[in-house]
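Participant: Sequence:
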Amino acid sequence: MSVAQSGGMTPVAAGEPARQTGRWLPIVLLFLFIYVISYIDRQILSLVVQPVKASLGLSDFQIGLLQGLAFTLVLAIAAVLASPLIDRGNRARLVAGCMIVWCAMTVLCGFAQNFHMLLLARTGLAISEAIVPMAVMSMICDIAPKTSVPRASALFMAAPYVGSGIALLAGGPLLALMAPFDGQSAPLIGIFEPWRGLFLLLGLPGIAIGVLLFLFLRDPQRRSAEDGSDPSSSVIPFLKQNAGFLGPMLLANSMLNLISYTIYAWSPTFMIRAHGMSVSTAGVTVGSVFVVAGIGGCIFGSWAMSRSRDGRALSHVVKTIGLTFACLAPPLVAFPLVPSADLALVFLAIAFFLMAAGLSSIMTPVALFAPAGVRGRALAAAGLCHAGLGGLGPLAVGGVNDFVFGSPERIGDSLAICLVVALVIGLGLMPRVVGLAKRIDRPSR
1 MSVAQSGGMT PVAAGEPARQ TGRWLPIVLL FLFIYVISYI DRQILSLVVQ PVKASLGLSD
61 FQIGLLQGLA FTLVLAIAAV LASPLIDRGN RARLVAGCMI VWCAMTVLCG FAQNFHMLLL
121 ARTGLAISEA IVPMAVMSMI CDIAPKTSVP RASALFMAAP YVGSGIALLA GGPLLALMAP
181 FDGQSAPLIG IFEPWRGLFL LLGLPGIAIG VLLFLFLRDP QRRSAEDGSD PSSSVIPFLK
241 QNAGFLGPML LANSMLNLIS YTIYAWSPTF MIRAHGMSVS TAGVTVGSVF VVAGIGGCIF
301 GSWAMSRSRD GRALSHVVKT IGLTFACLAP PLVAFPLVPS ADLALVFLAI AFFLMAAGLS
361 SIMTPVALFA PAGVRGRALA AAGLCHAGLG GLGPLAVGGV NDFVFGSPER IGDSLAICLV
421 VALVIGLGLM PRVVGLAKRI DRPSR
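Residue numbering for the sequence shown follows the working numbering, starting at 1 and increasing by one per position.
It should be emphasised that the hints constitute simulated quantities derived from the structure, not laboratory data. Keep in mind that this is a model prediction, so the values were computed, not measured. Mixed in with the good hints, there may be bad ones.
Unchecked claim - FRET-style restraints, in silico, Cβ to Cβ:
| id | residue 1 | residue 2 | range |
| --- | --- | --- | --- |
| 1 | F216 | P330 | 43 to 49 Å |
| 2 | S278 | P237 | 53 to 59 Å |
| 3 | V101 | L177 | 25 to 31 Å |
| 4 | A326 | L29 | 29 to 35 Å |
| 5 | I207 | L120 | 15 to 21 Å |
We put the beta carbon where it would ideally sit given N, CA and C, even for glycine.
Let's have the full structure, built from the sequences with the hints guiding it.
Facilitator: Here it is, written out as structure tokens:
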């Protein structure tokens, strides 16, 4: 039942043609499934903002912390600290072990009685989820041909949209299903509330799945020897030597990540407050947008990212991310400002499609550029930048709403301000990043 036996799978050479898809596709689909569960557990809080606020007496700023900086910064720091294990340890067991822990933390969210308990559980969730994308990207680079890495990574990166969409689509009906039990006495919890039951229902099955993966999932053979890189070497010289390219690229990509975190965190609440939707209706409508537009964007991104005709995969991926970023601006700004709920959903769908297309390969430039021996740590450093800066988005929206406008109904204005700032920074950096990528890229066969 092993998925990829350590030492038993022959690495796919960089020059092998795309017909080897059958060797890496089933494994990437399994990684996709794992990451979908991660995002379901991570994003379900965005659907229950209103009942959690009422139950625990929280402010928008505190909700922004729980969904934004307090979560993503912990996640990114944990990824950096754990990154040497990605380059030297058993990546498959790391992923499975982390899954067991993050699902347990999801269950603990259901027992939270105040902000600090919920923050502690969310911190544990962030720490345990941190290693997953970097470890999986490292394994993808070992099982797929170099020219297929953008396609494989785009497939894997569909998980945030599928997971977030499922959380919203399933969350609303599950909340309605548990509504008759609201207010009843429950062991350990005290007074039962549907939002608490939702965390329990989502977390418990994942623990069992994580145990099975820990027992049967195996690490693929590494390619470190192919490029002569040493897994024991430091990543710092690589980062310093290439700071002129990595710095602006990571900052620009972080703005795209900031936009995505902000949309994930606040779009359901925006539809509830600004357009009068119920929690279940907002879950179904916004969740449908996340799934359909997100998967569609990832498919388009996968196709677009793999269209390089000269073998220069790095520069082509960077250029394509830049183009999607530019096209994203009009619908993204329109989404929180139009007066109609239907129009808002249309613009959200367009923006989400383009955002998904760009984000589908946001880690690919670093994965392609870094030597195999330091790839895991380089990806973790990129993740620190992406998540640390990206996590400011939800926090900024909550802060602007609480401390500038002072009104829950002004959530649309707060969204618009924060999204425009991120767009201006990202679009200002992208031309330089594309030019640098073209200069340093080398064709690969």
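Participant: Confirm or reject each hint.
Facilitator: Okay, the hints, checked on the actual structure:
no.: 1; hint: F216 x P330: 43 to 49 Å; in the structure: holds (47 Å)
no.: 2; hint: S278 x P237: 53 to 59 Å; in the structure: holds (55 Å)
no.: 3; hint: V101 x L177: 25 to 31 Å; in the structure: holds (27 Å)
no.: 4; hint: A326 x L29: 29 to 35 Å; in the structure: holds (31 Å)
no.: 5; hint: I207 x L120: 15 to 21 Å; in the structure: holds (19 Å)
Of the hints listed earlier, there is not a single one the structure fails to meet.
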